[in-house]
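The lines below spell out each chain.
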Amino acid sequence: MEKTKELQKVEEQFKTFQILDEKGKVVNKDAVPDLSDEQLKEMMTRMVYTRIWDQRAISLNRQGRLGFYAPVAGQEASMIGSQYALDKKDWILPGYRDVPQIYYHGLPLHQAFLWSRGHFKGGQVPEGVRIMLPQIIIGAQITQTAGVAMGLKKDGEEQIAITYTGDGGASQGDFYEGMNFAGAYNLPAVFVVQNNRFAISVPVEEQSAAKTIAQKAVAAGIHGQQVDGMDILAVYAATKEARDRGLEGNGPTLLELLTYRYGPHTMAGDDPTRYRTSEEDEEWEKKDPLVRFRKFLENKKLWSEEEEEKIVEQAKEDIKAAIKEADGAGKQKVTDLIDITYSDVKPANLEEQRKEYEKKESK
Amino acid sequence: MAQMTMIQAITDAMRNELSNDEKVLVYGEDVGKNGGVFRATDGLQKEFGEERVFDTPLAESGIGGLAHGLSLTGYRSVMELQFFGFVFEAFDSVAGQMARLNYRSGGVYNAPVTIRSPFGGGVKTPEMHADSLEGLMAQTPGLKVVIPSNPYDAKGLLISAIRDNDPVVFLEHMKLYRSFREEVPEEEYTVPLGKADIKREGSDISLIAYGAMVQSSLKAAEALEKDGISAEVIDLRTVSPLDIDTIIESVEKTNRAVVIQEAQKQAGVAATIVAEINDRAILKLEAPVGRVTAPDTVFPFAAAEDVWLPNEKDIAAKAKEIIEF
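Residue numbers (the UniProt record's numbering), protein chains in the order written: chain A, 1 to 363; chain B, 1 to 325.
Hints may contain errors.
Here are the computed lysine-lysine pairs in the DSSO-like style, where the Cα-Cα straight-line distance is at most 27 angstroms [as the list claims (entries may be wrong)]: (1) A:K346 x B:K124; (2) A:K346 x B:K313; (3) B:K33 x A:K346; (4) B:K124 x B:K313; (5) A:K88 x B:K23; (6) B:K124 x A:K154; (7) A:K25 x A:K5; (8) B:K195 x A:K89; (9) A:K15 x A:K5; (10) A:K295 x A:K240; (11) A:K320 x A:K23.
In short, the hints are calculated from the structure, not lab data.
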């Protein structure tokens, strides 16, 4: 496809925003966010914790003790950095992989595990925790985000709604509809695309003729930015700026975070060797978000091996305890399912069917 | 009491709930300034302001998503799908998302959304405007589906739908919008969801219908009366959940029934009712339960719709066939 100069000019505007290079060196001094040493360490702690959680989750899944799981390793900077820029009262509408963000927003770990298992208690979000459950239908959360942001704006709350999808999600009609609604109503919303290069197996180059996903913001008349999604400082800074923009009444933002998932799409039989090369895997592992940020912190004398070892141990203990708690949630019953199908009065057909299942389940 | 058409009664219900609850919002394509393509929201934006009654961009899935998100922040939406044939664009947002919100969150979140939409044949619309798609909705757990047949019920049912804490698909038959007026109280009242209404008592056969087919069934009942047949006419008013008790009580009295729907025959509301009658009252039946429906095609081009649509003659003929069985 030969693109006109005008089109090329539009596409070239979307340059990758980076603060830390692969060696953990600051390459964009002016953009370094104002974070205390404690905050920097907390971000690293969360990335380490999430990496261990991911390893444990994969292993639990293989033992048949977890259920549905979409691996996150490689995407920690994108997930942790963007969530870290939020206020506790902002809303998160995640995709199915975005469990770490809702955990750090307040969903207890054992509930995340119950959600994986398809147990209804996993979805019972504690009061005051402003999250939607991870979305399975790609892109459905994006139109919903416009609705949440509209509600927040109507209530005069100084809060935003943020949503996550992947590069495949940017092909959905709902992706454009959600951004377009948010733009038309000037809503405080942030749309995050974690571009991990593959929608299961289809590479981003085959998803769209667009050079970047960030440029899709132009069509909706909103701000768009492409960010190095392996650089937690850049992700944090870009999300914070997008959040501020929304709160100042300057509209929603689309953030494209360039990242990579090291593992399979989900644990349900995906084999990445069918569509990715080991060279590509290795190239991305060199950009690893933990390695890079660890170097940055070590140079500032903020990080040590012993400290990291403690976090690893803590994560393992927490996960063990959370699995135990999840195991104690009781068996999911069909009668429970019947009880939560409607919030109001149960229709007569379900009342009748409930009695049948009470009998079946008491056997 | 005022004389109102069904569309006036619908506007009145929305006005009532906009006054009653500040969390109620009314929106959709052309709903604001224009007052809706059928004027269902006429004057509401002027009365309640652009924050409460507003236009949306032209995207049905986006409208559904907006309603879902507004539910999470405590708002009660009355969203309009301009014609129900457009629901295919919004299907995931309705059936895949808001209908499952209560389930998905283990009862923590709910979607108090009323999806208002015109549908129904006999008014010579273009394609994808008139189809009776209530069967698709009635098969979706988590949804309720309401179809009024007259102005009085329309107001009371719509108020109930808006106050309901689960998503309610509220289908308005276009032919009924302005076809007749009746007395509708100006003050508020509700008609409960899930309760059928016996429009005419009879002893020989039960005619079970909803929407525009209620009027056709009443006309058929008049014709049957001239032939000495006493027909009972049941208006379901809500097709999900169904008021099975009222249906069974009537059939146990008349021992014969015909179920009438404007929708296609296969796998629809009428099929469910026949199955329920067979399950619960088969030994009371003197004849098989009859069905009057449209054929299993899409709603046709306008030129063929008069033949395609079931009418009072079809209903009377089927009733006689069942009586004479």
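To see whether the hints hold, each was checked on the structure:
Straight-line distance between C-alpha atoms of A:K346 and B:K124 comes to about 39 angstroms, which puts the hinted pair past the 27 angstroms bound. Restraint check for A:K346 and B:K313: the C-alpha separation of about 38 angstroms exceeds 27 angstroms, so the hint is violated. With a CA separation close to 38 angstroms, the supplied pair B:K33 and A:K346 exceeds the 27 angstroms bound. Proximity of B:K124 to B:K313 is assessed by CA-CA distance (about 21 angstroms); at most 27 angstroms being required, the pair is judged to hold.
With a C-alpha separation of about 24 angstroms, the suggested pairing of A:K88 with B:K23 holds against the 27 angstroms cut-off. For the given pair, B:K124 sits about 40 angstroms from A:K154 by alpha-carbon distance, which is inconsistent with the 27 angstroms threshold. Taking the CA atoms of A:K25 and A:K5, the gap is near 35 angstroms; set against the 27 angstroms cutoff, the hint is violated. Proposed proximity of B:K195 and A:K89 is contradicted: the alpha carbons are some 41 angstroms apart, above 27 angstroms.
Only pairs whose Cα atoms come within 27 angstroms are accepted, and A:K15 paired with A:K5 is accepted, the gap being roughly 17 angstroms. Between the alpha carbons of A:K295 and A:K240 the distance comes to roughly 23 angstroms, so the proposed pair stays at or under 27 angstroms and holds. A distance of roughly 34 angstroms separates the Cα atoms of A:K320 and A:K23; the hinted pair therefore is violated under the 27 angstroms criterion.
Violation of the numbered hints given earlier is confined to hints 1, 2, 3, 6, 7, 8 and 11; the remaining hints are satisfied by the structure.
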